[in-house]
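Asks: Below are the chains, spelled out letter by letter.
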Amino acid sequence: MKLKNRLGQGDFSFLAPIIAIAIGLLFGLGILLVSNPGQALDGFITILTGAFRDMRSLGRIMYFATPIILTGLSVGFAFKTGLFNIGAPGQFILGAFGAVLVGIKLPQLGGVHWLVALLAALVLGAFWALLPGLLKAFANVHEVIASIMMNYIGMYLVNYLVQNNIYDRLRNQSLGVARSAVIPRWGLDKVFPRSNVNAGFFIALLAAIVIYIILNKTAFGFELKAVGYNRDASKYAGINEKRNIVLSMVIAGALSGLGGGLLYLAGTGKFIEVVDVLAAEGFTGIPVALLGMSNPIGIIFAGLFIGYITVGGDYMQLYDFVPEIIDIIIASIIYFSAFSLIVRNIIQRRLKLRGGKVQ
Amino acid sequence: MSTILFLMRQTLVFSVPLLVVALGGMFSERSGVVNIALEGTMVFGAFTSVLFINLVQDTLSGQVLLLLAILIAGLAGVLISLLHAYASINMKADQVISGTAINMLTPALAIYVGRMIFTVQQINFKNTFRLQVPLLNKIPILGEVFFKDAYLTTYLGILILILSSVILYRTRFGLRLRACGEHPHAADSVGINVYKMRYAGVMISGLLAGVGGLIFVIPTSTNFNATVAGYGFLALAVLIFGQWKPLRILFASLFFGFMKTIAATYSSIPLLRNLGVPSTFFKMIPFAATLVVLAFTSKKSQSPKAAGVPYDKSVR
Chain G
33 MKLKNRLGQG DFSFLAPIIA IAIGLLFGLG ILLVSNPGQA LDGFITILTG AFRDMRSLGR
93 IMYFATPIIL TGLSVGFAFK TGLFNIGAPG QFILGAFGAV LVGIKLPQLG GVHWLVALLA
153 ALVLGAFWAL LPGLLKAFAN VHEVIASIMM NYIGMYLVNY LVQNNIYDRL RNQSLGVARS
213 AVIPRWGLDK VFPRSNVNAG FFIALLAAIV IYIILNKTAF GFELKAVGYN RDASKYAGIN
273 EKRNIVLSMV IAGALSGLGG GLLYLAGTGK FIEVVDVLAA EGFTGIPVAL LGMSNPIGII
333 FAGLFIGYIT VGGDYMQLYD FVPEIIDIII ASIIYFSAFS LIVRNIIQRR LKLRGGKVQ
Chain L
1454 MSTILFLMRQ TLVFSVPLLV VALGGMFSER SGVVNIALEG TMVFGAFTSV LFINLVQDTL
1514 SGQVLLLLAI LIAGLAGVLI SLLHAYASIN MKADQVISGT AINMLTPALA IYVGRMIFTV
1574 QQINFKNTFR LQVPLLNKIP ILGEVFFKDA YLTTYLGILI LILSSVILYR TRFGLRLRAC
1634 GEHPHAADSV GINVYKMRYA GVMISGLLAG VGGLIFVIPT STNFNATVAG YGFLALAVLI
1694 FGQWKPLRIL FASLFFGFMK TIAATYSSIP LLRNLGVPST FFKMIPFAAT LVVLAFTSKK
1754 SQSPKAAGVP YDKSVR
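Residue numbers (the numbering used here), protein chains in the order written: chain G, 33 to 391; chain L, 1454 to 1769.
Derived from the structure by calculation, the hints contain no laboratory data.
Treat the hints with care, since some could be wrong.
Unchecked claim - Heads up, simulated DSBU-like pairs for lysine-lysine below, C-alpha to C-alpha not over 35 Å straight-line:
| id | chain 1 | residue 1 | chain 2 | residue 2 |
| --- | --- | --- | --- | --- |
| 1 | G | K267 | L | K1601 |
| 2 | G | K137 | G | K257 |
| 3 | G | K257 | L | K1766 |
| 4 | G | K257 | G | K267 |
| 5 | G | K274 | G | K257 |
| 6 | L | K1752 | L | K1601 |
| 7 | G | K274 | L | K1545 |
| 8 | L | K1591 | L | K1601 |
| 9 | G | K257 | L | K1601 |
| 10 | L | K1649 | G | K267 |
| 11 | L | K1766 | L | K1545 |
| 12 | L | K1698 | G | K274 |
| 13 | L | K1591 | L | K1752 |
| 14 | G | K274 | G | K302 |
| 15 | L | K1752 | G | K274 |
| 16 | L | K1758 | G | K267 |
| 17 | G | K222 | G | K137 |
| 18 | L | K1752 | L | K1698 |
| 19 | L | K1766 | L | K1649 |
| 20 | L | K1766 | L | K1752 |
| 21 | L | K1601 | L | K1545 |
| 22 | L | K1758 | G | K274 |
| 23 | L | K1545 | L | K1752 |
| 24 | L | K1591 | G | K257 |
| 25 | L | K1579 | L | K1601 |
| 26 | L | K1758 | L | K1591 |
| 27 | G | K274 | L | K1766 |
| 28 | L | K1579 | L | K1649 |
| 29 | G | K222 | G | K302 |
| 30 | L | K1758 | L | K1601 |
| 31 | G | K267 | L | K1591 |
| 32 | L | K1579 | G | K257 |
| 33 | L | K1579 | L | K1591 |
| 34 | L | K1545 | G | K249 |
| 35 | L | K1649 | L | K1591 |
| 36 | G | K274 | G | K249 |
| 37 | L | K1698 | L | K1601 |
To be verified - Cβ pair distances, simulated, as ranges:
| id | chain 1 | residue 1 | chain 2 | residue 2 | range |
| --- | --- | --- | --- | --- | --- |
| 38 | G | E305 | L | L1612 | 37 to 45 Å |
| 39 | L | L1520 | G | I329 | 49 to 57 Å |
| 40 | L | L1521 | G | L58 | 53 to 61 Å |
All values derive from a computational prediction rather than experimental measurement.
Backbone N, C-alpha and C fix where the C-beta goes; we use that ideal spot for every residue, glycine too.
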């Protein structure tokens, strides 16, 4: 499999993702109209405005956005370095396991407990991306296939580890973490009451800024991107391309793992359930990265956008609609953002015909 | 003895859908289009056909109903695969992204429609599809495995295997299809319509993946719950493990099916229980084995050379 990644390469035309979002939303409206014409418009308006009802809903946008900003960064960072990290679900759940394990077993850490637990998440996530990275660099195995395999191995492994170490037999899920492992709220619960938003959101923002600096302001980031553009040319230019491929995957994995930690240490009654289902937050990283054009700052907004329509979608039940309409909309947004290359070309051709400036 | 028979029957149940779906993936990838949407296509095929069975099972039953359901599953698969074909052939989109979109779309759609119609996402059906083949089911072992309480879909799977092999290697269409996956420009230069061949490849994969979705659901459950439990991705692994060749795909699917069987029946077989190996590890083996095979074969991989690369006439 040779996949040419045309993603994440320069040219910030923000039109393409906005068009994809518009078409995706229209598609969603179409489905609402077909399934329940009478309530369709009210339902659709709820999707768009539900998140702005009150402070609690606003807080929930940030709460939902936190883990998917991280997986979005993970996928986007990999895109920038020429890799498709579809392994975010596996890395995410391993990170979650690392965080929860430390969160349960090491309460003696006290004040830094939650930070150590997040560090464990980061390390396990990175570890889970190491093998696909090595296979890509040294055995020429496509990272998409290797990551898909790692997703399933990781899912089964975490289920096994949870059952044997931190198992709540009655509820078929992991035990609750110690109080000291819960990420502090830093007053956010006062501003956005009952919304579960916590300091994790700031960690997500910080991660985005760090990735932005690495990619755009350091020689290391330049090397990573160079390998993504052209592996052979980079090698010729004296870059250790194998090492860089492995590092790209590991950093991407660390970001996903951290995302898992942030979600499961939020103290919101979320536990690792022992079911054979891949972590959805990992896959959601793909649309977040696409909508954010793989730009770390763009990814923050893309994550907030997905959080925003998810919150709106939750209110859909008031109108007898099923909240899965949001997943349908997101899926169609991904589908149409796959067209972004063509859309961009068309826009540029139009501009050229009109004699306008083309970047 | 009865344990071994039971294991063989179960292996067959798990292997046939893998075989059919992986063969579907083979046609797509051999034509040059990577199809990781197999999972989503299976979900859509299973969803539409089980919905159909649910709606008409009061008037129809047995093999007639099953055949109609297979037809509908296949059509649904083709329909959804057209989305993937359009994106990856006409729009030259990244095939992994388009595939991911379909994998997210169809389960959501299945849950949405299911809950809109039945208020729950589970769609139930009555299993009236077991088949007793007279005379043949008296044969020892073979009869027990293939002809007693059998499913039409097992024979269909074998038929699809033979047909796939013949079409791929013994027909003009197959030769052209393979050419488009290896070197589309060369194929184009001798007058083969690369776009058409790739559409054909993707549509065949949709057909088989749709049917495979139904084949997976029928013997293992009496309801459809908007998932095929990662079977589409497992089929992708089968395809690679089988190195894009029909006969090897058969062996790969039998091996994977056997591993699945052990993982599922582990606790009821004393021999395995005494080994002390957790069942989780049997579930992991197919995926881990695929990684190992990939690690050793990818340097000189048998994968179609142009798979995943959009065909652009103007690039020489």
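Asks: It remains to establish, for every hint, whether it holds in the given structure.
Replies: Hints, verified against the model:
1. K267/G <-> K1601/L: violated (61 Å)
2. K137/G <-> K257/G: violated (39 Å)
3. K257/G <-> K1766/L: holds (28 Å)
4. K257/G <-> K267/G: holds (13 Å)
5. K274/G <-> K257/G: Cα-Cα ~13 Å, so holds.
6. K1752/L <-> K1601/L: violated (45 Å)
7. K274/G <-> K1545/L: holds (29 Å)
8. K1591/L <-> K1601/L: holds (9 Å)
9. K257/G <-> K1601/L: violated (59 Å)
10. K1649/L <-> K267/G: violated (38 Å)
11. K1766/L <-> K1545/L: Satisfied, since the Cα-Cα distance of roughly 11 Å is no more than 35 Å.
12. K1698/L <-> K274/G: Judged against 35 Å, a Cα distance of about 31 Å means the pair holds.
13. K1591/L <-> K1752/L: violated (49 Å)
14. K274/G <-> K302/G: violated (38 Å)
15. K1752/L <-> K274/G: Status holds; Cα separation ~15 Å.
16. K1758/L <-> K267/G: OK: K1758/L and K267/G at ~23 Å, within 35 Å.
17. K222/G <-> K137/G: holds (30 Å)
18. K1752/L <-> K1698/L: At roughly 18 Å apart (the allowed maximum being 35 Å), K1698/L and K1752/L satisfy the hint.
19. K1766/L <-> K1649/L: OK: K1766/L and K1649/L at ~13 Å, within 35 Å.
20. K1766/L <-> K1752/L: Answer holds: K1766/L to K1752/L is near 28 Å, not above 35 Å.
21. K1601/L <-> K1545/L: violated (48 Å)
22. K1758/L <-> K274/G: holds (22 Å)
23. K1545/L <-> K1752/L: Roughly 27 Å separates the two Cα atoms, so the pair holds.
24. K1591/L <-> K257/G: violated (66 Å)
25. K1579/L <-> K1601/L: At roughly 19 Å apart (the allowed maximum being 35 Å), K1601/L and K1579/L satisfy the hint.
26. K1758/L <-> K1591/L: At roughly 48 Å apart (the allowed maximum being 35 Å), K1591/L and K1758/L break the hint.
27. K274/G <-> K1766/L: holds (33 Å)
28. K1579/L <-> K1649/L: Measuring from Cα to Cα gives roughly 40 Å; hence the hint is violated.
29. K222/G <-> K302/G: holds (21 Å)
30. K1758/L <-> K1601/L: violated (43 Å)
31. K267/G <-> K1591/L: Roughly 66 Å separates the two Cα atoms, so the pair is violated.
32. K1579/L <-> K257/G: At roughly 55 Å apart (the allowed maximum being 35 Å), K257/G and K1579/L break the hint.
33. K1579/L <-> K1591/L: Distance ~27 Å between K1579/L and K1591/L Cα, so the pair holds.
34. K1545/L <-> K249/G: The hint holds at about 32 Å.
35. K1649/L <-> K1591/L: violated (48 Å)
36. K274/G <-> K249/G: holds (22 Å)
37. K1698/L <-> K1601/L: Within the cut-off at roughly 30 Å; holds.
38. E305/G <-> L1612/L: 37 to 45 Å: Holds, at about 40 Å.
39. L1520/L <-> I329/G: 49 to 57 Å: About 55 Å separates the Cβ atoms of L1520/L and I329/G, which means 49 to 57 Å holds.
40. L1521/L <-> L58/G: 53 to 61 Å: violated (34 Å)
Consistency with the previously given hints fails for numbers 1, 2, 6, 9, 10, 13, 14, 21, 24, 26, 28, 30, 31, 32, 35, 40, ordered from lowest to highest.
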